[in-house]
Each structure stands twice: as structure tokens, then as C-alpha cells.
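Visitor: Each chain is listed here by its residues.
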Amino acid sequence: MKRLSLIGYGVLLLVACVLPFLVSEYRTFQFTLVLVYSIALLGLNILTGYNGQISLGHGAFYAIGAYVAAVLMDKAGFPYWATIPVAGAVCLLAGFLFGLPALRLEGLYLALATFALGVSLPQLLKYHHFEGWTGGVQGVVITKPDAPEFLAVLGLPLNQDQWLYFFTLAITVVMFLLAWNLLRGRLGRAMMAIRDNHVAAEAMGVNNAMVKSLTFGVSAMFTGVAGALGAIAIQFVAPDSFNIFVSLTFLIGIVIGGLASIPGAIYGALFIQFVPNIADEFSKAAPWAIFGLFLIGFTYLMPLGIAGAIRLGLARLTGKEHNSQPGKP
Amino acid sequence: MQNVGVRFGGIVALDDVSFDVPAGSIVGLIGPNGAGKTTLFNCLSRLYECGSGDILFDGSSLLQVPRHLVAGAGIGRTFQNLALFRTMTVLDNIMVGRHSRTGTGFLFNSLRLPVVVREEAATLEKSQTLLRLLELESVAQARVADLPFGTQKRVELARALASEPKLLLLDEPASGLNHEEVGVLGQLIRDVRDRLKLTVLLVEHHMSLVMNISDHVVALNFGRKIAEGTPAEVQRHPELIQAYLGGAA
Ligand SMILES: Nc1ncnc2c1ncn2[C@@H]1O[C@H](COP(=O)(O)OP(=O)(O)OP(=O)(O)O)[C@@H](O)[C@H]1O
Ligand SMILES: [Mg+2]
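As they're listed, the protein sequences go chains W and S. When the first sequence is numbered by the numbering used here, its final residue is 480 and no position is left out of the sequence of numbers. When the second sequence is numbered by the numbering used here, its final residue is 1018 and no position is left out of the sequence of numbers.
If you're looking for bench data, these hints aren't it; they were derived computationally from the structure. Just so you know, not all the hints are guaranteed correct.
[Unchecked claim] In silico EDC-like pairs for lysine to aspartate or glutamate, Cα to Cα no more than 20 angstroms straight-line:
id, chain 1, residue 1, chain 2, residue 2
1, S, K895, S, E906
2, W, K153, S, E906
3, S, K935, S, D963
4, W, K153, S, E889
5, S, K895, S, E933
6, W, K277, W, D391
Computed from a predicted model, the values in this text were never measured in an experiment.
Construct the complete structure from the given sequences, taking the supplied hints into account.
Guide: Right under this line is the structure:
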């Protein structure tokens, strides 16, 4: 099973590498967004899927990441790549600080608190005292980066969209590796232990408060990095593009993709990027009704998410009785 | 254990209870339902605050120790109604049991530095030893929730042992087991005690088990200690007979 999934990831990476040479620039841009969303979903999945803390406000961290990148590029002359670690660090801190008081809240109450964060942040971004940096309702426009010159010298001329895709892909791979490492070790187990039985986790020596708030920080960091990459890809940030719908979409993404599953973040990202488009093509009049049908269809047919369905399918194929447990990266 | 008292609102769950648990011994803790046995365990693992009294472990007070450091201090436990990580595998449950014996943080784990790799290898090896000891190898990768009750009880015991406790608290390990399994369990507890040089505090309603393997027995009723001594002495104690037969429970 382990070897099988390694081969799976290898093939996936290969496909990801040739993809931009096979499809149009616009599609390349869309796949860049899939990568961006997969990092954001991975972040939310670490928190909600692995640690059991529900967030209805992760769009806020996505927005913070995006604005950090935009403001640093626009006002401080940062090169686009240098904004990524800063956005991650800012969100790590923001998430940790939000996670501390949120420790007192469980389940739906935490969902409400994070919802409050998600709805209020876009308004804060419009606040006129911050306008000097954030551009108020107008937002900030950023320029699209060119591929570095050495690639052309090496005989690998990439257009802007292709370059941005590969840049995002490289960061996606790094983020997924970090998450995989974290989740398969003692702290990943501690996160899941807290989710399954927090009293027993503490009796085993897990510092629940510390692990939960740091998990919140790490989760926000992933989503913030995604936000920064998303801003660079879209070349524009404005408060209204980060409304509460973004947070809800992320939650939909991790449930459809598969809770507590690393590849689930990729499936979920494909879903939230392409299914609204498909719905739009079906019916211009009522795309959300079609989207809703897709949503119900997926949850009905794949109660464990796409990742769960694939796991079950593979288990049947290889003929091995394999448990369909979530939580195994 | 010195003069420990616990109240919940008007209910006095433990009233001025004192006794010693000598190192290396198996001490049985008995008493009718609601006597306060589990409450006493919860004081030891700091889930409940003692209203009065003090608990000394290895010469120092436990009452200053935060909950998550109790395991590291050397106290492992099982729960009366099983408190396993149900969606995780048997092996992962046991590996969580070693949390207090490992120490790498978020950053090192994310980068999977060599120290993490070494620590994980050691954790895995220890956990596999416990899988063998408790005959759980065949279900190592099974989800705990999918296993029969008796097996889950063994998983919980393995998880408690994973932290290499000096003192092991067992809350009704025999409940739900059949006669034969109880016999095996008694042998196992003694075995483990001898092999791992443990001290065991055993809460159990199964009298023959308690009387067979305990070196010392403490009896509680309505939160008060009513008898203490060797199994033979306690069995003859009039107040205990009264508590069990006299309809007081
Ligand atoms: N968290 C709590 N809140 C209120 N009352 C409690 C709580 N925990 C225990 N009690 C009460 O304290 C008393 C002692 O309960 P405890 O669970 O310690 O009994 P026990 O000896 O373990 O019984 P059993 O053999 O049924 O497990 C009971 O009256 C119980 O109702
Ligand atoms: Mg009890």
C-alpha cells in the first residue's frame, strides 16, 4: 500500500509537470489556482480533519496572506517570492493568537467564533485608516512576475502563466512534504488523539492547549501561504473577494476531498475550482442549484470524501481487506 | 494518599481517605458502586481537583503537577469505560501512549530531522514490543473501533504501559470479560508487574481476581475507607461484608 501511494504521487507529479505544456494559458492559470487551493485546504484539513477543530473562517487567513503579499510588493518593493514566507509567518502568529482564546470553545461554538472572524475581516480591510496600505475598497493591483531569465538561456522559455504555475507547484510540493512529515509523527498522532478523545490524550501526556493552538497556527500558516500565492496569481486583492463564501468553500473542499486525508486536499481543490465552472455551463440561470446538486451527489455517493472512495476502491482492486480509516496520510 | 477529600456540590465522593501503595506491590481497591474508586483515580491523574488532603507520589505532591505531565511523572492509567482513540489504529494508539517519553516539537517534526527519525524508530520499536506482549500483532493496523471489547481492553493496557509508568492504575480491567479471560488477565497483570517492575493500583468488582493477585486491599464505601489489609483480612472484615450484603449499595 505504501509503495502504491508513492508510485501514485510520482505519477501525479509527472502529470503536473507536463500539464502546462498541453493546455491553454487560461487553463494553466486555473490549475495554478487548484494548487493554491490545495495548500489552503491542506491547512484547514490539518485543523479540522486531523485535530477536530471546526473553522468557518479560514478565508480570513487566506485574506491576510493575500494582503501581506500584495502590500509588501506594492508598498515595500518586495520581490513576489519573498512575500511567501512573510505571509506564512504572519498567519502562523495570527492563527496561534486566535487559537489561544479559541481553546475554550468546542465544536459548534468554535465554528461560530471562527465565522465571526471570517465575516469581520473583509470589513476591517476596508477600514479607511488602513487605506494607505490596503487601498480600501479599491484593493491593490500587483504585476505578474516574469519567468527568470536563466530558464530562457537554458532553452526552457516559459510564459508568465507557465512560470507562475511551476513556481506554485514547487511551493505546493514543499508544503505537502512539511504537512506529511508533521502528520505522520508524534505531533500528528497527538492531534488525532485530541480529536478522538481529548481526556485520554492529556492522560497520555499530550499538552492539549499547546498542541491545539500551535495546530491552529500551522493551519493558518498553510492557508496564508496559499493566500499569498493566490494574490500573485490573480494579480489583484480587494476586500470583497474574501467574503465569508471563501471560508465556506474551503470547508466544502475538505469535506468533499476527504477529511483527514492529505491527497484529499488536492481532490477538494479540483472540486472547488472546476465544479462551479461546470455548473455555470449547465445552467447560466441557476448555477448554484446545479452546484448544490453536485454537492449532494458527491456527499451521497462518497460519504468519506473522494479520498475515502479512492481508498476503498483501491482496497477492492488489490483484493486486500483494508480499513477505510481516515487519519492515515 | 493522605486525607484526600473530594466533593461534587453536595455529594461527598471521597471523605478523608488515606492509604499507602508500596512500590512494587499490587494494591486492590474495592467497594460498591459509587464508592468513589474512579474518583480517586481521577484525582491521581489530576482530572479532578482534590478539595482537601494531598497525594504524594515518589515523595512529592502530585497536586502541583499539571494534567499532561502526570504521565511523564510515571503514572499510567486505563479508563473504566475505555477511552481509546477510536478512529486510529491499534499501533497508533500505543504510539500515542509514548507521547510523554518523547519530546520533539512542531518544527523538527515538519522537517523530519534525523533526531525525529531516531525518536520515531524507537517509539515504533517499543510499541511493537508491547504489541507482542499483549498479543495484538495481528490487529496492529486495524482501527480500534472495529475490534471486540476484550481486544480493546488489551489495547488500552498496552497504551498505558507504553509510557513506562512506575505506577499503573487499572479501572475495572476485568469488566466485560468472561471467566477464562479474567484468569488470563490476572496472570498478565502479575507478569507485567514482575517484568516491568511496576506498582499496580487495581479497581475491580471481580472479587476473586482482586483477592488472587493483590498483595494488599483497600475497601471504600460512600467515599470513606472502611477496611484495609491483606486479602484474607479484608474479606473477613465485618464492615465490608455489611457494605456488600447489607443492601447499603
Ligand atoms: N464528575 C462528577 N460529577 C458529579 N458527581 C460525580 C462525578 N464523578 C463521580 N461523581 C459521584 O461521586 C460518587 C463516586 O463515584 P465514582 O465514579 O468514583 O464511583 P466508583 O466507586 O468508581 O463506582 P463504580 O464501581 O460504579 O465505578 C458517585 O456518587 C458519583 O455519582
Ligand atoms: Mg468507577
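Visitor: Run every hint past the structure and note whether it holds.
Guide: Hint-by-hint comparison with the structure:
1. Taking the CA atoms of K895(S) and E906(S), the gap is about 13 angstroms. The hint holds against a cut of 20 angstroms.
2. Of the supplied pair hints, the one linking K153(W) and E906(S) holds, its CA atoms being roughly 19 angstroms apart against a limit of 20 angstroms.
3. At roughly 12 angstroms between alpha-carbon atoms, K935(S) and D963(S) fall within 20 angstroms of each other, so this suggested pair holds.
4. Under the criterion of a C-alpha separation no larger than 20 angstroms, the hint pairing K153(W) with E889(S) is consistent with the structure, at around 17 angstroms.
5. Proposed proximity of K895(S) and E933(S) is supported: the alpha carbons are some 10 angstroms apart, at most 20 angstroms.
6. Proximity of K277(W) to D391(W) is assessed by CA-CA distance (about 9 angstroms); at most 20 angstroms being required, the pair is judged to hold.
Hint violations for this structure: none, all hints satisfied.
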